[in-house]
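Trainee: Turn these sequences into a full structure, and let the hints guide you.
One-letter residues, chain by chain:
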Amino acid sequence: MKNNFDRMLSSEDVMRRRASFLQRIHVDGPLLLILLTLAAGSLFVLYSASGKNWDLLMKQASSFGIGLVSMFIIAQLEPRFMARWVPLAYVAGVLLLVVVDVMGHNAMGATRWINIPGVIRFQPSEFMKIIMPATIAWYLSKRTLPPHLKHVAISLVLIGVPFILIVRQPDLGTALLILASGAFVLFMGGLRWRWIISVVTAAVPVAVAMWFFVMHDYQKQRVLTFLDPESDPLGTGWNIIQSKAAIGSGGVFGKGWLLGTQSHLDFLPESHTDFIIAVLGEEFGLVGICLLLIIYLLLIGRGLVITAQAQTLFGKLLAGSLTMTFFVYVFVNIGMVSGLLPVVGVPLPFISYGGTSLVTLLSAFGVLMSIHTHRKWIAQV
Amino acid sequence: MPQQIRLKDHEKDARLVRNRVVVGAVAIMLLVSVLIARLYYLQIIQYDYHSTLSENNRVHVQPIPPTRGLIFDRNGVIVADNRPSFSLTMTRERAGKWQEVLDTIIEVLELSEDDRALFERRMKQGRRPFEPVPILFELNEEQIARVAVNQFRLPGVEVAAQLVRHYPQGAHFAHSVGYVGRINEKELKSLDPVNYSGTHHIGKTGIERFYEDDLHGQVGYEEVETNARGRVLRVLKRTDPIPGKDIVLSLDIKLQEAAEEALAGRRGAIVALDPRTGEVLAMVSQPSFDPNLFVTGISFKAYAELRDSIDRPLFNRVLRGLYPPGSTIKPAVAIAGLDSGVVNASSRVFDPGYYQLPNYDHKYRNWNRTGDGWVDLDVAIMRSNDTYFYDLAHKMGIDRLSAYMNKFGIGQKVSLDMFEESPGLMPSREWKRATRRQAWFPGETLILGIGQGYMQATPLQLAQATALIANKGKWNRPHLAKTIEGKQPVDENPVEDIVLRDKNDWARVTHGMEQVMHGARGTARKAALGSQYRIAGKSGTAQVVAIKQGEKYDRNKLQERHRDHALFVAFAPAEDPKIVVSVMVENGESGSGVAAPVVRQVMDAWLLDENGRLKPEFGPATVTVAQETAP
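Protein chains in written order, with the numbering used here: chain A, 4 to 384; chain B, 0 to 630.
Any given hint could turn out to be false.
Short, incomplete list of chain A residues facing chain B, as computed with Cβ under 8 Å [unchecked claim]:
1) L148
2) L152
3) T310
4) K319
Everything labelled a hint here was simulated from the structure, so no lab data went into it.
The C-beta atom is built at its ideal place from N, Cα and C for all residues, glycine as well.
Mentor: Put into structure tokens, the structure is as follows:
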């Protein structure tokens, strides 16, 4: 009996010790596991998509490293500490966006970067991807829920300012994602259904009226091409036609790793960045894409669990928004490449080549880990 | 108690968020299902289709260039059309070692190294992948045959039929319609790369340039499947291009020819327009050139010849030629004087043959050194009396004079649709301070009164200033396009009409201009002899080289190219104007002697029928209109 009890006790001890080690360094095991799986998958696909380019692969791997470090550091910060500094970060982010706006105009062209040579070079709009939902979460967590009309209005102003600044860069894709990340906080905060429905229903007649009474022919044309890129096969439609052919020719199981033809014969532009899912679809087929979708769903599911278990309202709102926004990335990118949605420049998270978005994404998951691992009643669970 | 409420709120919040998490999760599952359904559609249902495309792995989108809009004169005579022509194209992706293929082409067609350099340059111009680049135009039968025989040595090289611009009227409309030419590097950067993806030519000057967007049309495309060697196997989808819009010009080929004939080989410019609408009826700048030379690329030698010719055939005298308007500006100056109140119809000035400013020695000469004695406005216009206008300009001052002349279009672009029109120059105090850093001198105002000094105007501006008098101040911008696919061009930026305090001033000045043509002492009475209609006109002389104080103009001393330019502006019928003509004869010396007969010939060609009688549509105006216009 005693022996048994001892054994039980000791195994429980081991479990607690293992859990407490990850707990102590504020890392969420399931999230880390899924992220590492995605990283490996990304390098695997990228090797083929980039035409066996080792340099590119090494760059992507080191970006992953930097991103993981950044995630780890952010996970150490207490959510309370974040909430305290978020307003200041928001103001700083908006000011940086203004600086970018002014610089862009002086340089007579678009720019998204702040660049102090030799010191730092980054995109303030990337920074806003995390600061934006955090700001709205901070603001709403201090009010009663569901939010009153006045608080909704103030939130919309807080979202609108950076949104307009980023649209002007011009970077519509990022601007819409940031808009979505702010809106998701409102949604998580219990924004009344009838407001959501009335905004959606009001948008339809307004859009119709704009179409018939306000917009010029050339503007209509631009919107049409935006909504239906295949009507412009010599411009953006080219990419879509080619990416559809690539995905479609993959079939159920795909042509096999490194055996895709569309992507390797330069038919598919941007095959290693925004359109990388076409390479995956061509080489690994429907099975490959579904596998990727499952991994994404696991990641999102873990995010939603963290949301539900978060102790503070700030944590709940922020975690919920970050998770939902992550899904929007996935949906918009795959929808765009498969010809369901208009072409906006949104990379496929963790798979597309590009260091900046990787670091931002991993930082966002750092925030999720922080929310989950800094809970007070952890001992009771 | 507050603690309890807080706790309750917290639970409520948590429940709220949990509900939303569930809603979010459901939405995510739904949207993922949409994605999977889409992929299922692409990868399972459409698998065969995409698989075939991918296996042959050659789906190409080929642009189909639109047919360029045609240009007609006002009677429907074709001025610019498109002719099929064969050109040699090369697709770099299919040519393999394209440099070597170029060598083979040179060898097969027996061309020179210069041609090879040209081909290489054309190949290197920006283009889309798999786009054939035309490297040689207007192949003849023999060249086509040689390419066909050697096809096996020329991968990626094809003979393509395409439509090329052709100007059947040759030099007649070179300065108004302009011409198209190959798109150059600079233009390529500013063009819409999609719409111009199949187009190799673009309007360079004139109507072709100004209405480029309308004439070009909208590109179409074909999705084609090709085999590995680039041959088209079948067309998967086709969207037809939208052809460019046809343009009907207001120009009249017969009047244009008559006007050119009237110049009789002299260098010069003629503009004829309808004052009621601003439609340009004839636009001549002589000498001219054959615009067809420029379409497929003019040889360097031929171009140098045109460019360096002393007669400057490439120079558009109507739009770019700047001349001091001389006495042709006097009617407009007279309007300014009357309206500003510095003179009235009966005020008189004594002309001893010169004019002197108080306290200045300088004598400003009348052209008639003996003087005309007492002159009023009517006589001043009829005799083109300089002294009267020196006095008028002095009394008005530069500021008012400059403002009035601007209203008449001097110093601004007047046309609606002409490419690269020069704005001319109407000097002012501010202009002189800004450009010369000098104050304005009173003497400079005086000579502006007779259209000399800094003032510069194009023949088109002189025609428009005259049309404004004919039209009693109503502005219609001169334009060449009568309709663009049936629609009249719209003036987006209309000029304010000239409204006089006394409307009868128009008739007073018109009367003076009639006296020029029909009065017993009118300067151009010879040109109006035997006319079927009343003409109102004014002569002018534009100095080419300055004459020193006290020196006389002696034509024998001057080289032909340094002689004065002859100017004449007129409208007819004077009581109800239907045509305005402005003529500039380069080095023609005498406005009334040389330019006026040209004006008369152009007017006769427009207003008279073959029997030499006034056409009924230009007949005397109705009584009511005549009464209104009577002074």
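Trainee: Any of the earlier hints contradicted here, and which numbers?
Mentor: 2
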